[in-house]
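Novice: Line order of the protein sequences matches chains A and B.
Its first residue numbered 3, the first sequence is counted upward by one per residue in this note's numbering.
Its first residue numbered 3, the second sequence is counted upward by one per residue in this note's numbering.
Hints may contain errors.
[What the hints assert, rightly or not] Derived pair list, reagent style SDA-like, types lysine to any residue, alpha-carbon separation capped at 25 angstroms:
| # | chain 1 | residue 1 | chain 2 | residue 2 |
| --- | --- | --- | --- | --- |
| 1 | A | Lys123 | B | Leu202 |
| 2 | B | Lys123 | A | Glu132 |
| 3 | A | Lys123 | B | Glu328 |
| 4 | B | Lys123 | A | Arg122 |
[To be verified] For each label pair, taking beta carbons as the anchor points, the in silico distance ranges come out as:
| # | chain 1 | residue 1 | chain 2 | residue 2 | range |
| --- | --- | --- | --- | --- | --- |
| 5 | B | Glu180 | A | Arg158 | 21 to 27 angstroms |
| 6 | A | Pro297 | B | Lys123 | 41 to 47 angstroms |
| 7 | A | Pro297 | B | Leu124 | 32 to 38 angstroms |
| 8 | A | Arg158 | B | Gly128 | 16 to 22 angstroms |
| 9 | A | Gly69 | B | Asp93 | 32 to 38 angstroms |
| 10 | A | Ala87 | B | His155 | 50 to 56 angstroms |
| 11 | B | Arg13 | A | Asn71 | 22 to 28 angstroms |
| 12 | A | Thr246 | B | Val310 | 57 to 63 angstroms |
| 13 | B | Glu42 | A | Gly69 | 31 to 37 angstroms |
| 14 | A | Leu78 | B | Val310 | 48 to 54 angstroms |
| 15 | A | Glu184 | B | Asn243 | 40 to 46 angstroms |
| 16 | B | Arg52 | A | Gly70 | 25 to 31 angstroms |
Hints are computed from structural coordinates only; laboratory data are not their basis.
We put the beta carbon where it would ideally sit given N, CA and C, even for glycine.
Now for the letters of each chain:
There are 2 protein chains.
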Amino acid sequence: MYIGRFRYNGRDGVEPRIVVARCSAGPWLDLRTAERMRLERRGASASGARRIAAEIAPGSMTAALEGGNAFTDAALAAIEVVEEAAAIPNDSVFIAPLDPPAYRDFMAFERHFSFGYRWRKLPVPGVLYEFPVSYMGSVQGIIGPDDEVPWPHFSRHMDFELELGIVMGRSGRDLRPESAPEYIAGYTILNDFSARDIQLREMAAGLGPSKGKHFASAVGPWIATPDEISPTGLRMRARVNGDTWCDTSSSEIMWSVPEIVAWASAGENLVAGTLLGTGTANGGSGVELDRKLVPGDLVELEIEGLGVLRNRLGMPGEGWTPTRREPAPEAGSPAR
Amino acid sequence: MYIGRFRYNGRDGVEPRIVVARCSAGPWLDLRTAERMRLERRGASASGARRIAAEIAPGSMTAALEGGNAFTDAALAAIEVVEEAAAIPNDSVFIAPLDPPAYRDFMAFERHFSFGYRWRKLPVPGVLYEFPVSYMGSVQGIIGPDDEVPWPHFSRHMDFELELGIVMGRSGRDLRPESAPEYIAGYTILNDFSARDIQLREMAAGLGPSKGKHFASAVGPWIATPDEISPTGLRMRARVNGDTWCDTSSSEIMWSVPEIVAWASAGENLVAGTLLGTGTANGGSGVELDRKLVPGDLVELEIEGLGVLRNRLGMPGEGWTPTRREPAPEAGSPAR
Numbered sequence: 003m004y005i006g007r008f009r010y011n012g013r014d015g016v017e018p019r020i021v022v023a024r025c026s027a028g029p030w031l032d033l034r035t036a037e038r039m040r041l042e043r044r045g046a047s048a049s050g051a052r053r054i055a056a057e058i059a060p061g062s063m064t065a066a067l068e069g070g071n072a073f074t075d076a077a078l079a080a081i082e083v084v085e086e087a088a089a090i091p092n093d094s095v096f097i098a099p100l101d102p103p104a105y106r107d108f109m110a111f112e113r114h115f116s117f118g119y120r121w122r123k124l125p126v127p128g129v130l131y132e133f134p135v136s137y138m139g140s141v142q143g144i145i146g147p148d149d150e151v152p153w154p155h156f157s158r159h160m161d162f163e164l165e166l167g168i169v170m171g172r173s174g175r176d177l178r179p180e181s182a183p184e185y186i187a188g189y190t191i192l193n194d195f196s197a198r199d200i201q202l203r204e205m206a207a208g209l210g211p212s213k214g215k216h217f218a219s220a221v222g223p224w225i226a227t228p229d230e231i232s233p234t235g236l237r238m239r240a241r242v243n244g245d246t247w248c249d250t251s252s253s254e255i256m257w258s259v260p261e262i263v264a265w266a267s268a269g270e271n272l273v274a275g276t277l278l279g280t281g282t283a284n285g286g287s288g289v290e291l292d293r294k295l296v297p298g299d300l301v302e303l304e305i306e307g308l309g310v311l312r313n314r315l316g317m318p319g320e321g322w323t324p325t326r327r328e329p330a331p332e333a334g335s336p337a338r
Numbered sequence: 003m004y005i006g007r008f009r010y011n012g013r014d015g016v017e018p019r020i021v022v023a024r025c026s027a028g029p030w031l032d033l034r035t036a037e038r039m040r041l042e043r044r045g046a047s048a049s050g051a052r053r054i055a056a057e058i059a060p061g062s063m064t065a066a067l068e069g070g071n072a073f074t075d076a077a078l079a080a081i082e083v084v085e086e087a088a089a090i091p092n093d094s095v096f097i098a099p100l101d102p103p104a105y106r107d108f109m110a111f112e113r114h115f116s117f118g119y120r121w122r123k124l125p126v127p128g129v130l131y132e133f134p135v136s137y138m139g140s141v142q143g144i145i146g147p148d149d150e151v152p153w154p155h156f157s158r159h160m161d162f163e164l165e166l167g168i169v170m171g172r173s174g175r176d177l178r179p180e181s182a183p184e185y186i187a188g189y190t191i192l193n194d195f196s197a198r199d200i201q202l203r204e205m206a207a208g209l210g211p212s213k214g215k216h217f218a219s220a221v222g223p224w225i226a227t228p229d230e231i232s233p234t235g236l237r238m239r240a241r242v243n244g245d246t247w248c249d250t251s252s253s254e255i256m257w258s259v260p261e262i263v264a265w266a267s268a269g270e271n272l273v274a275g276t277l278l279g280t281g282t283a284n285g286g287s288g289v290e291l292d293r294k295l296v297p298g299d300l301v302e303l304e305i306e307g308l309g310v311l312r313n314r315l316g317m318p319g320e321g322w323t324p325t326r327r328e329p330a331p332e333a334g335s336p337a338r
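Required output: the full structure, derived from the provided sequences and hints.
Specialist: So this is what it looks like as structure tokens:
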């Protein structure tokens, strides 16, 4: 099954609605409409069906997943029956398929991460071979397919990152790799846009990255459930303005998806709707080719079985930046 | 005004309810009850009042703040009228006053952060004097007053961090320091518990910290609005099992609260309910005294005007940890 969200223009403004499909080519069905009709077939009044369907198929993917089987039963029933009245128009605009309560990104592709340290003239830290190291992204920075990437005023070096996104279907804690797959709702494409100049500055403090990452992370165009796709051996490609910058495979991953999920849940609650990123695939960024993005560039990420995620870079804006402080005499002289 | 949340045991389980007070000593008023009664005084039926009050005073502090003036008007009316029927029992259990959609922690106290690098035998990175550097915490790790701190199985070195928490009242983007204060809902105490051993390993990769921080961050016991408290010149103290480990002041902060808020909003959406931490106050952690916490330790943080936040350390559990990988020959030899 394939799950996404589209932009519905209602009387009270734009609202997200969940869509489901048996094939990613469509037809895509508005889950709320399909569930409303199913409830009516099962004896609900029109207003009762509308009310319950809105709770089972809310606009939020996280809220939907929190419904557990109430949500998956509705989705399976929708693609089983395929009510024509529930099909959405062909020109519907898809938006980010998820609104995660948390987004955590790992470093699991060795050739990419070892390049990153060498690029910064640093040795590759041994900890990257001890466990999958991560940083927390910003869920407020999530954008969807065809959304423009806001170019933060404090950066001049923009880059993309080609990643596989893992969507958690239910909440777990202290999972082991063996049971981790049961907690996965599906997979999507993730573009962890990066402002390399400020990212490099932040990582010099051993922290984050924050401002270097949190301005935008794109996901989509939709989610494929684990029965449709296995995360191993997927061809992964990146194109910029139509030119192929990367053609690689998910099979080169060093930490497996179950290991990533299990470690993400170690000692903490990993909740439904959470997005985990594998980290950049080998060769899946501009910095590895010594190339930068410029305003207006169109970045297309394609992963086998997961479609194409397209985003265009916006124009740099203007904004405030802090004024440098002088270290206190007793603090010692800071390093560059 | 003071705003908090308490644990209400209803027929369908425990649910959080928002409370407000004119003085932090009480009486604390259940905002939903107070608002329900106000709506009735203004012509609503009992069921209409109950329904609307539940939306204006939901269990989620973030959802409440998203209501804008609908929420603040209700809160101000509640402490103006003080309906006795809305007062909560004296033995009510306060929980985390907020359920932030994002939690970002900065490094703004120079003596603390410069110590941290020296402790790790590293020079103090110059970037810390260029802008307030941050990492993203985990909102799933938020715990409240008197909650036990879960001790993650992968750590043997637990520590606390004494911080001032800033709660965002409404959403903003690209704010300047001059306008930032208008976006602040209030202040609370923040204890950014830290697993120093794994934090140190993660920061060696320049990333996170993640597992070193995300297991638990305590906030509370309540929020004081900016008309009650100024973030400058507040006495800040930490006690462990009754012994004072730290007695410092918020006046030593290097980046001001408005600068922190403005930088947090630069190029990204800073949304209502978000928690920002100032970073550890000078001397506000055990590592600065070369002391570690042990299971069962009671950590009390006190900030002038913000009460006392108490948390006891739990016992270490058991769990899975990843198996070390061998670097690929072409990746080069990793550093420790």
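Novice: Now look at each hint and say whether the structure bears it out.
Specialist: Evaluated hints:
no.	hint	in the structure
1	A:Lys123 - B:Leu202	holds, 20 angstroms
2	B:Lys123 - A:Glu132	holds, 21 angstroms
3	A:Lys123 - B:Glu328	holds, 21 angstroms
4	B:Lys123 - A:Arg122	holds, 20 angstroms
5	B:Glu180 - A:Arg158: 21 to 27 angstroms	holds, 26 angstroms
6	A:Pro297 - B:Lys123: 41 to 47 angstroms	holds, 42 angstroms
7	A:Pro297 - B:Leu124: 32 to 38 angstroms	holds, 37 angstroms
8	A:Arg158 - B:Gly128: 16 to 22 angstroms	holds, 19 angstroms
9	A:Gly69 - B:Asp93: 32 to 38 angstroms	holds, 35 angstroms
10	A:Ala87 - B:His155: 50 to 56 angstroms	holds, 52 angstroms
11	B:Arg13 - A:Asn71: 22 to 28 angstroms	holds, 23 angstroms
12	A:Thr246 - B:Val310: 57 to 63 angstroms	holds, 60 angstroms
13	B:Glu42 - A:Gly69: 31 to 37 angstroms	holds, 33 angstroms
14	A:Leu78 - B:Val310: 48 to 54 angstroms	holds, 51 angstroms
15	A:Glu184 - B:Asn243: 40 to 46 angstroms	holds, 42 angstroms
16	B:Arg52 - A:Gly70: 25 to 31 angstroms	holds, 28 angstroms
Hint violations for this structure: none, all hints satisfied.
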